[in-house]
Every structure is written in structure tokens, then in C-alpha cells.
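Heads up: the protein sequence lines correspond to chains A and B, in order.
So that you can map any letter, position 266 of the first sequence is 265 in numbering that gives the first Met the number 0, and since no number is skipped, the others follow by simple counting.
So that you can map any letter, position 231 of the second sequence is 230 in numbering that gives the first Met the number 0, and since no number is skipped, the others follow by simple counting.
Fair warning: there could be bad hints in the mix.
[As the list claims (entries may be wrong)] Counterexamples of contact, computed for chain B against chain A with all Cβ distances above 12 Å:
id	residue
1	Glu163
2	Pro268
3	Met271
4	Ile306
[Stated by the list, open to error] DSS-like, lysine-lysine: derived pairs with alpha carbons at most 27 Å apart:
id	chain 1	residue 1	chain 2	residue 2
5	B	Lys184	A	Lys97
6	A	Lys174	B	Lys184
7	B	Lys136	A	Lys136
8	B	Lys174	A	Lys97
9	B	Lys174	A	Lys184
10	A	Lys136	B	Lys301
I should point out that these hints are in silico values taken from the structure, not numbers from a laboratory.
All C-beta atoms, glycine included, are put in the ideal place defined by N, C-alpha and C.
What follows is the residue order along each chain.
Protein chains: 2
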Amino acid sequence: MSVFTKQEYMERVKKTKQSMQEKGMDLLIISHPANMNYLTGYDGWSFYVHQCLVISLEEEQPLWIGRGMDANGARITSYLDDEHIFEYADDYVQSLVKHPMHFVAGLIKERRWGSKTIGVEMDQFYFTHRSYVELEKSLPNASFVDANALVNWIRVVKSDQEIEMMKRAGQIAVKVMDAAKNSIKPGVRECDAAARIVQAQYAGTEQYGGDYPAIVPLIMAGEATKTPHLTWSDTPFVKDEAVLLELSGVYKHYHAPIARTIFLGENPPKLMQETADIVTEGLQATLDWIRPGVTAEEVEAKWREAISHSTIVKESRLGYSIGVNYPPDWGEHTISFRPGDKTILVPNMAIHLIPGIWYENVGFEIDASIYMTDDGYEPLYDYPIDMMLVKE
Amino acid sequence: MSVFTKQEYMERVKKTKQSMQEKGMDLLIISHPANMNYLTGYDGWSFYVHQCLVISLEEEQPLWIGRGMDANGARITSYLDDEHIFEYADDYVQSLVKHPMHFVAGLIKERRWGSKTIGVEMDQFYFTHRSYVELEKSLPNASFVDANALVNWIRVVKSDQEIEMMKRAGQIAVKVMDAAKNSIKPGVRECDAAARIVQAQYAGTEQYGGDYPAIVPLIMAGEATKTPHLTWSDTPFVKDEAVLLELSGVYKHYHAPIARTIFLGENPPKLMQETADIVTEGLQATLDWIRPGVTAEEVEAKWREAISHSTIVKESRLGYSIGVNYPPDWGEHTISFRPGDKTILVPNMAIHLIPGIWYENVGFEIDASIYMTDDGYEPLYDYPIDMMLVKE
Chain A
0 MSVFTKQEYM ERVKKTKQSM QEKGMDLLII SHPANMNYLT GYDGWSFYVH
50 QCLVISLEEE QPLWIGRGMD ANGARITSYL DDEHIFEYAD DYVQSLVKHP
100 MHFVAGLIKE RRWGSKTIGV EMDQFYFTHR SYVELEKSLP NASFVDANAL
150 VNWIRVVKSD QEIEMMKRAG QIAVKVMDAA KNSIKPGVRE CDAAARIVQA
200 QYAGTEQYGG DYPAIVPLIM AGEATKTPHL TWSDTPFVKD EAVLLELSGV
250 YKHYHAPIAR TIFLGENPPK LMQETADIVT EGLQATLDWI RPGVTAEEVE
300 AKWREAISHS TIVKESRLGY SIGVNYPPDW GEHTISFRPG DKTILVPNMA
350 IHLIPGIWYE NVGFEIDASI YMTDDGYEPL YDYPIDMMLV KE
Chain B
0 MSVFTKQEYM ERVKKTKQSM QEKGMDLLII SHPANMNYLT GYDGWSFYVH
50 QCLVISLEEE QPLWIGRGMD ANGARITSYL DDEHIFEYAD DYVQSLVKHP
100 MHFVAGLIKE RRWGSKTIGV EMDQFYFTHR SYVELEKSLP NASFVDANAL
150 VNWIRVVKSD QEIEMMKRAG QIAVKVMDAA KNSIKPGVRE CDAAARIVQA
200 QYAGTEQYGG DYPAIVPLIM AGEATKTPHL TWSDTPFVKD EAVLLELSGV
250 YKHYHAPIAR TIFLGENPPK LMQETADIVT EGLQATLDWI RPGVTAEEVE
300 AKWREAISHS TIVKESRLGY SIGVNYPPDW GEHTISFRPG DKTILVPNMA
350 IHLIPGIWYE NVGFEIDASI YMTDDGYEPL YDYPIDMMLV KE
């Protein structure tokens with residue numbers, strides 16, 4: 000029941016092993032849910048307990064290690080053979096005495112890998128400090144090295160099959176933003192609009208059912224437009240307020256984020272209209288220029304140049320790489336469009352450019368989700384890049 | 000705009016400081032989103048970057064430390080004064096060089112707390128291994144001790160205001176399960192049922208708007224009923240299959256989980272009916288017996304005794320404590336109903352008992368979300384405890 004062919008997963012594992020070899024690792028422990036999914040197809044909401052893959056240069060398939068009750072989930076959703084699925088007993092869960100990493104270490108020792116060089120994802124959520132401590136205590140002869148974002152960097156260039164997933168997510172994104180536009184009105188409670196939006200996210204299109212996004216709908220109205228990561232309340236929208244929306248279409252955990260700004264009236268304040276015009280033109284100028292071969296920091300510089308005639312200063316990064324992901328973030332934690340990021344863009348990278356402005360006196364959001372092609376880029380969806388005016 | 004009064008937050012901080020003193024901590028660093036919300040009201044989907052509270056015995060209010068763009072979110076949603084909100088620059092985000100914990104350590108040193116005993120949540124997601132390493136490097140004179148679940152254990156006994164939030168979540172839970180019952184039918188795609196369910200979660204009731212649950216709808220149909228944590232696909236439900244549902248009503252991040260089993264036909268297989276009868280009677284017998292003064296392990300023993308006449312063996316814990324939470328888990332990570340947990344139940348503890356059965360040949364789920372009263376318990380919602388038969 001995996002989403003991709005076994006060959007595609009094996010290819011991903013092979014690339015991971017190449018990267019391990021380059022970095023001098025014998026073993027790799029992966030606990031990031033998107034990386035687990037990417038390498039095996041495993042797909043369950045079980046990442047609230049400790050679980051991981053162990054990838055060895057000596058073994059073709061990764062080992063999946065998780066809680067007993069989730070092992071059947073691994074059997075159903077991953078391509079792994081049964082002898083590569085290992086389950087720990089339930090008394091390891093949130094215990095003060097036992098820790099799931101003792102079980103992981105036991106499997107590693109059994110296979111005589113206890114003196115190896117082991118990569119772990121040191122700055123990923125889902126790999127806690129105590130996971131490290133317990134592994135280190137249980138494997139005193141192992142050497143641990145940081146493998147943070149190792150698999151994320153392999154994910155950064157998508158296969159054509161993955162791009163197809165993202166395009167389907169893009170079709171869903173259009174329906175999601177339409178649902179927002181059609182439900183956000185003065186007098187409607189924020190929670191009721193959120194409900195319509197998320198319904199569109201999960202339902203997807205007739206052909207492609209939707210999935211849960213790694214970030215719930217972000218809906219900032221009125222005072223909240225000066226910050227980007229609030230969700231919703233049960234108070235109604237009011238006339239002549241702005242509403243910032245950061246949403247996504249999702250297909251099989253692949254994301255096509257879409258951010259727009261609605262003004263609930265006919266005449267947005269002058270400052271808001273000016274901000275919208277500058278940001279929208281700046282984004283368009285950046286898109287007109289972006290192409291394979293340029294670096295992430297050059298893209299950001301292009302954007303900065305395009306708005307340099309204005310008083311707008313955007314201190315936060317312009318965007319980041321996207322693809323398959325799980326809560327809490329659809330960002331890939333690889334490329335960041337900001338000074339210092341010298342990643343060269345190549346075909347089949349997928350990126351989210353979101354020049355959001357969250358000032359005390361004005362907020363505005365617009366975005367583009369695109370992927371690089373041989374000679375330019377393609378958008379993941381086609382949706383007008385402008386401020387939307389919604390009348391009563 | 001905080002949900003509770005400033006006094007209630009101050010009372011929670013006071014209890015936290017008492018616990019810190021008992022454990023010999025001068026400072027406490029809290030990165031668990033539910034704990035941050037519990038202590039200050041802060042409520043944003045910003046936990047995908049590093050952020051934390053720092054609580055000092057010397058200072059009345061906690062310090063909130065987060066990404067620049069999220070500081071206005073803290074100003075809007077928390078009770079904290081502006082001088083207790085600190086923002087780090089955007090180039091700390093997912094950088095290979097800078098780490099947000101350098102900024103946190105800088106603030107700690109500025110306040111001459113660099114030689115203190117500091118509690119950190121060592122086994123919480125959102126506190127990574129690298130967070131610990133960078134803190135330790137930056138604060139060479141500090142002593143670090145484990146404060147895992149310290150605040151969770153303060154959360155375990157709810158205030159009356161919190162119980163009121165959970166009852167509102169309970170009202171929403173009824174609407175959520177009704178949405179499931181009314182939408183799950185042969186021929187309907189799983190994703191379309193998920194969409195109706197989540198719509199009910201976010202919309203809530205007319206009086207109380209809903210919130211996002213810490214776990215998305217878990218919907219296991221057909222083969223998937225042998226495991227508990229899968230989500231949904233875009234294939235349609237088929238006649239005469241079982242569907243396991245673990246859902247929740249949520250109000251202001253307070254949860255009232257609700258799990259039920261649907262059979263899509265008139266005649267469930269004999270094994271399924273027998274399992275349903277035994278589990279349902281076992282849960283009812285446990286509920287008839289549960290009261291303040293008993294321990295968590297005694298509750299589980301009561302359940303085990305009640306089903307001992309059958310062949311059913313449930314190896315996983317019977318349930319756990321619930322309350323305010325954020326993804327990835329609505330479990331509080333405190334009380335577990337299983338052998339060895341000697342926590343004594345007291346009034347205003349809230350718990351989720353979920354005797355789920357996920358065998359190769361039969362799956363069944365039913366639950367109760369309740370809170371303890373002075374002389375027994377009250378359910379958070381009133382919903383028939385039985386298998387639901389849905390005909391076409």
C-alpha cells in the first residue's frame with residue numbers, strides 16, 4: 000500500500016547510504032516522520048511516541064522500530080519485509096525507568112553494530128535529548144555524529160513522481176483558497192471559516208483525496224495581522240478588516256502551500272494597498288528572474304532589490320524548500336532564501352516563496368509554490384497573485 | 000486575550016516554582032507547547048522553531064523567548080508584560096552556525112543566572128538534543144537537571160475553569176462523532192468522511208467554536224483495524240467492513256477524546272460482536288468502580304479482572320491523563336493506567352480510558368473521557384457506549 004514503487008524507496012535508501020559513506024557513518028538512526036516516510040513509505044500518526052529507522056551500510060532495507068501496536072501500521076504502509084519490522088512492548092511508553100532507545104540499542108548490539116559510527120538527527124524534534132543520552136549510555140563503544148538534515152538534503156531534489164504528487168497538492172490548494180474566499184465574510188465566526196477550509200484540505204479533489212497538512216490553517220484577522228502563526232478564534236470577522244491566510248493543499252503528505260490576503264471591504268487602507276502593490280510586484284519580479292543555476296541567496300537579493308525603492312524591510316527569510324512533511328512543519332529545513340545560503344537551484348527542487356509582512360500597522364501575505372524546471376520554473380497551482388477584496 | 004484570568008496563570012506559575020524548589024532548581028526552561036500555553040496563555044503554531052519560557056525563582060513572570068515574527072503573537076495571546084517577551088533574529092532559524100539556545104543562554108547570562116541549577120525537559124519533543132548541547136556549551140557554569148513532565152504533573156489536577164473547558168470540548172465531541180456516524184457509509188471515500196469530521200471539530204457548537212486537535216482523525220477501516228494510528232486514504236468504505244474511529248472534541252486546546260467502532264452492515268462477524276460485548280462490559284465495570292482514592296494500576300487491574308473470563312488480552316495501557324494539548328499528542332504524559340502506576344486519583348483529574356483491541360483478526364475501540372469528582376466521576380460527554388451499525 001506504499002505510495003511509490005519499491006524501487007523508488009530503494010533508490011532513496013541507496014542515496015542515503017552514499018551520503019552516510021561520504022560522512023563516515025556506518026549506521027543512521029532516523030526519527031523524523033517525513034524522513035521515515037520518505038525512506039520506507041511508513042505513514043502513521045505514531046510519532047508522539049519514540050520510533051525510528053536504523054539504516055546500516057550492511058543491510059539492504061532499513062529496520063523500522065516502533066511501539067507494538069504500530070507494527071501492523073508499518074506492515075500495511077511501508078515496503079519493508081516483516082523481518083525488518085521490530086516492536087517494543089508497551090511498558091516502554093512514557094516510562095520513568097525504561098526508554099525505547101534501550102530497545103533500539105539492544106537491536107544494534109544484537110547485530111554487532113555496537114562499536115560503529117552512528118549518525119543521529121541531533122536538532123530534529125522527535126529526537127529528544129534523552130533519546131541521545133539513553134543511546135549513548137547503552138552503546139558505550141559507539142561513536143555518535145550529527146546526521147541532522149542528512150535525509151532532508153536528499154529529499155531536496157524531487158523525483159518526477161514526487162513532483163506529480165505536489166501538482167496534485169496544487170490542485171487541492173486552489174480548492175482550499177476558494178473555500179477560504181467563499182467562507183470568510185463579516186459576521187462569520189473564524190472557526191466556521193477554518194472548518195470550511197480544512198474540509199477542503201481533507202476532501203481534496205474528486206480524483207485526489209486530500210491529506211492533513213503539517214500546519215493547520217493560519218488565519219490572522221484584525222489585530223492579529225501583525226504576526227504570522229496564530230490560528231483562529233470563535234469571534235466573527237468584521238467589516239473593513241484584513242485577514243491573512245497561510246494554507247496548503249496536501250496530497251499523500253506532499254504540500255503546495257498557498258498564502259493570500261483578504262480585505263473585507265471595498266477600500267483597503269492606503270498603507271495596506273501600497274504594501275500589497277510593492278510586495279506583489281516584488282514577488283513577481285523575483286519569479287520573472289528565478290531559474291536553475293542561481294543560488295538561494297541570489298533569489299533573496301533579487302527580491303530585496305525589487306522592493307528597494309520602497310520603505311519595506313523584510314528581515315525574515317523569503318522562503319524555503321518544501322515537499323513531503325508531517326506536523327509541526329511543512330518546511331524542509333534545507334534551503335532558506337536568505338543571505339548566506341549558497342545552495343544552487345536545480346531542476347525538481349520545490350520551493351515556497353512567501354514574502355510576508357507583519358508590521359505593527361500593516362500585515363500582508365502572498366506567496367508562490369513552484370518547482371524548478373530545466374530552464375525556469377513551473378507553479379504548483381495557478382491562483383491570482385493579488386489582494387482579494389471580499390464584500391458583504 | 001488569554002483564555003484564563005491573570006490570577007489563574009500566576010497560580011500555575013506559583014505551583015511550578017514550588018515544584019522547582021522541591022527539586023532544587025533555580026531556573027526552568029519549558030519548550031513543550033502545552034506547558035507554555037498552560038503557564039502563560041501563549042498560543043501560536045510556532046513550535047516548529049525553537050522557543051521556550053524561562054522561569055526563575057527570582058522573577059514573578061516567566062520570560063517568553065521566540066522568533067521575532069512570533070513575539071507579537073505572544074503579546075496578543077499571553078498575559079505577559081512586554082518586558083518579559085524576547086525575540087531572536089531570523090538568522091537563528093534552521094542555521095548551521097547560530098542556534099536559538101545561544102540567544103536563550105545570552106539572556107540567562109545577562110541576568111547573572113549562568114551558574115544556576117537549570118531544569119530542562121529532557122524527553123519532550125520540541126527540546127532537541129542539540130538544544131541541550133548548545134545550552135550546556137554556552138553556560139559552562141550551570142548545572143542541568145531533568146525537569147521532564149514537571150509542569151505536566153502540575154497540569155494533572157485541573158481547576159474548575161479547566162474542567163469547564165473540557166466539558167465544552169465534550170459538547171463538541173458529540174457533534175464530531177455524529178458527523179462520523181452520518182458520513183461513513185459504503186461508497187463514501189475515507190477522505191470525505193475525514194473532511195466532515197474535522198469540519199465538526201473546528202466549527203464546534205454554536206456557543207463554543209472548536210479548535211484543532213493534537214491528533215488528527217484516526218480512521219481505520221477494513222485491514223487497517225489491526226492497528227490504531229493510521230489516518231485515511233481516498234478509497235471508499237465498503238459494505239460489511241468495520242471502521243475504528245479515534246477522534247476528539249477540542250475547545251481552547253482542551254480535549255475530550257471520543258473513540259467508537261462502526262460496522263457497515265447489519266450483521267457483524269461473531270468474533271467482532273463478542274469482542275465488542277466483552278470490551279464494552281469491561282469498560283462499564285471499570286467505570287462503575289472508579290472513584291477518587293484508588294490508584295491508576297488498581298483501575299487497570301479492575302478492567303483486567305472484568306474481562307478475565309474471556310480470551311482477550313490487552314497488553315497496552317488502558318488509558319492516560321488528558322487536558323490541554325498540542326500536536327503531536329493529547330495524552331498528558333503523566334498518569335498511565337497500567338501495572339506499576341501508583342498515582343492516586345483525586346477530584347478534577349481528567350482521564351481517557353480507551354480499551355482498544357487491534358488484533359490480526361479483529362479490531363474494536365470504545366472509550367470514556369471523564370473527570371473525577373468528590374465521590375466518583377462525571378463523563379465529559381454522553382454518548383452510547385456500543386458498536387454502531389450503519390446500514391446503507
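Results for each hint:
1. Glu163: holds (15 Å)
2. Pro268: holds (19 Å)
3. Met271: With a cut-off of 12 Å, Met271 (chain B) remains clear of chain A, as the shortest Cβ separation is near 17 Å.
4. Ile306: holds (17 Å)
5. B:Lys184 with A:Lys97: violated (43 Å)
6. A:Lys174 with B:Lys184: Cα-Cα ~24 Å, so holds.
7. B:Lys136 with A:Lys136: Between Lys136 (chain B) and Lys136 (chain A) the Cα gap is close to 20 Å, so the pair holds against 27 Å.
8. B:Lys174 with A:Lys97: violated (39 Å)
9. B:Lys174 with A:Lys184: holds (24 Å)
10. A:Lys136 with B:Lys301: Distance ~37 Å between Lys136 (chain A) and Lys301 (chain B) Cα, so the pair is violated.
Checked against the numbered hints given earlier, the structure breaks hints 5, 8, 10 and satisfies all the rest.
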